[in-house]
Amino acid sequence: MDSGDRFAPVTGGRRLILALGAMYLVLAVGWAVAPTSPEMSLSNSLIVTGFIGGSGLVLFVGGYRLPRTDVHPKFYPVIARWCLLGIGAILAILGLYNFQPGPGLSNPVRSVLILTGFSAVAGYGVGWYASQAKTNAYRAERQNRLLERTQRQLEESNERLEGFAYAASHDLQEPLRMVSSYVRLIERRYGDDLDDDGEEFIEYAIDGTERMREMIDGLLEYSRVDTRGEPLEPVDLDAVLADVRQDLELRIEETDATIETDELPRVQGDETQLRQLFQNLLSNAIEYSGEGPPRIDVSAEREATEWVVSVRDRGIGIDPADQDRVFEVFQRLHTQEEHSGTGIGLAICKRIVERHGGEIWIDSEPGAGTTFAFTLPEATAGTDDRSTATDSVST
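According to my numbering, the stretch in the sequence shown is residues 281 to 675, in order.
Treat the hints with caution; some may be incorrect.
Listed next, with one range per pair, are the computed distances between beta-carbon atoms [what the hints assert, rightly or not]:
| id | residue 1 | residue 2 | range |
| --- | --- | --- | --- |
| 1 | Thr660 | Arg295 | 35 to 41 angstroms |
| 2 | Trp641 | Asp473 | 51 to 57 angstroms |
| 3 | Arg440 | Glu483 | 34 to 40 angstroms |
| 4 | Glu581 | Arg491 | 48 to 54 angstroms |
| 5 | Glu581 | Val459 | 46 to 52 angstroms |
| 6 | Asp350 | Glu428 | 21 to 27 angstroms |
| 7 | Gly572 | Gly471 | 34 to 40 angstroms |
| 8 | Glu533 | Arg440 | 24 to 30 angstroms |
| 9 | Glu543 | Asp476 | 50 to 56 angstroms |
| 10 | Gly572 | Val459 | 35 to 41 angstroms |
| 11 | Val341 | Arg440 | 51 to 57 angstroms |
| 12 | Tyr344 | Asn438 | 23 to 29 angstroms |
If you're looking for bench data, these hints aren't it; they were derived computationally from the structure. Please read all numbers here as calculations on a predicted model, not as lab measurements. All residues carry an ideal CB built from backbone N, CA and C; glycine is no exception.
Could you build the full structure based on these sequences and the hints that come with them?
Have a look at this one:
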């Protein structure tokens, strides 16, 4: 560490700059009031005063306005150090050339004051840009540390959430199973002695425990989207949708549902989670199809480096005022008697899409059907036959 590095922090970087500016202003005033050479003309005296005073004014105003700039206060000494380095450099040069007294502006006193003032201003400029760069790097480092800390907190929060969900799944389901078992035991042993109201109460109890177990399982699935997901890799959505249709085959046959699909792309994703995403959306479309057989269209459109996938039905639709609510956990727009479900399926869909770096939204009006659209990143490895074919046709 040189003398400038030691001196500037001790005196305070901004105070040192203000002191240098004030010093040159005082010297300029002194020169104007009592010039050192009686032979010096008024014009030369004014020029010298202007040079010295101008340097002092720049330094003083610059030091005064430092808090209003983007420079962090911890880097004010950097600017002061450069001012001192500028003064030291010009003094070294003057000493090296050993200036001799002479007429006009070449007088050593005038030369030293003018040149050191200029060099201090130049040092201020260099120091300001250097400290600005240091400030940007410092703030970027702090931002990175903040992001890292936030990421750690999120990871810890997810782990706690998963731990809570697992405890809820394990600890709460055991008493639920016990309640359900004993209620069914009562039904088997004393069913003949129960009247119609008693049998109805038994069914309510069994149905309630089953729905509670489904909600707990859904909460567990929701908590594990981020922590139990597989690494993202190229996935063929046509194959994913084919598997989902096979899983829902019985439900599709029961409701006489029709699912029309375009050729779907390859995307970068978690195949298991994408399968759950499509299964939840198709099940939702079938459940809320209205009176007639469900009619569902699945399509995809490319936008830049991602795909917009749409699942459209012709069902009962969703009021625009309720469209944000459907993605919240345990939010239902209908009673259990009207439509079955746990109220967590669409929340899981949103979490899956967000884990893939996308977003999901709804386009719907009551009675006009619903379109769930979401974005997924294009595959980063392998060849997307659909996009290749599209590019070939366009050229």
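How the hints compare with the structure:
no. : hint                                 : result
1   : Thr660 to Arg295: 35 to 41 angstroms : 55 angstroms, violated
2   : Trp641 to Asp473: 51 to 57 angstroms : 55 angstroms, holds
3   : Arg440 to Glu483: 34 to 40 angstroms : 37 angstroms, holds
4   : Glu581 to Arg491: 48 to 54 angstroms : 38 angstroms, violated
5   : Glu581 to Val459: 46 to 52 angstroms : 49 angstroms, holds
6   : Asp350 to Glu428: 21 to 27 angstroms : 24 angstroms, holds
7   : Gly572 to Gly471: 34 to 40 angstroms : 38 angstroms, holds
8   : Glu533 to Arg440: 24 to 30 angstroms : 43 angstroms, violated
9   : Glu543 to Asp476: 50 to 56 angstroms : 55 angstroms, holds
10  : Gly572 to Val459: 35 to 41 angstroms : 39 angstroms, holds
11  : Val341 to Arg440: 51 to 57 angstroms : 54 angstroms, holds
12  : Tyr344 to Asn438: 23 to 29 angstroms : 50 angstroms, violated
Of the numbered hints stated above, those contradicted by the structure are hints 1, 4, 8, 12, listed in ascending order.
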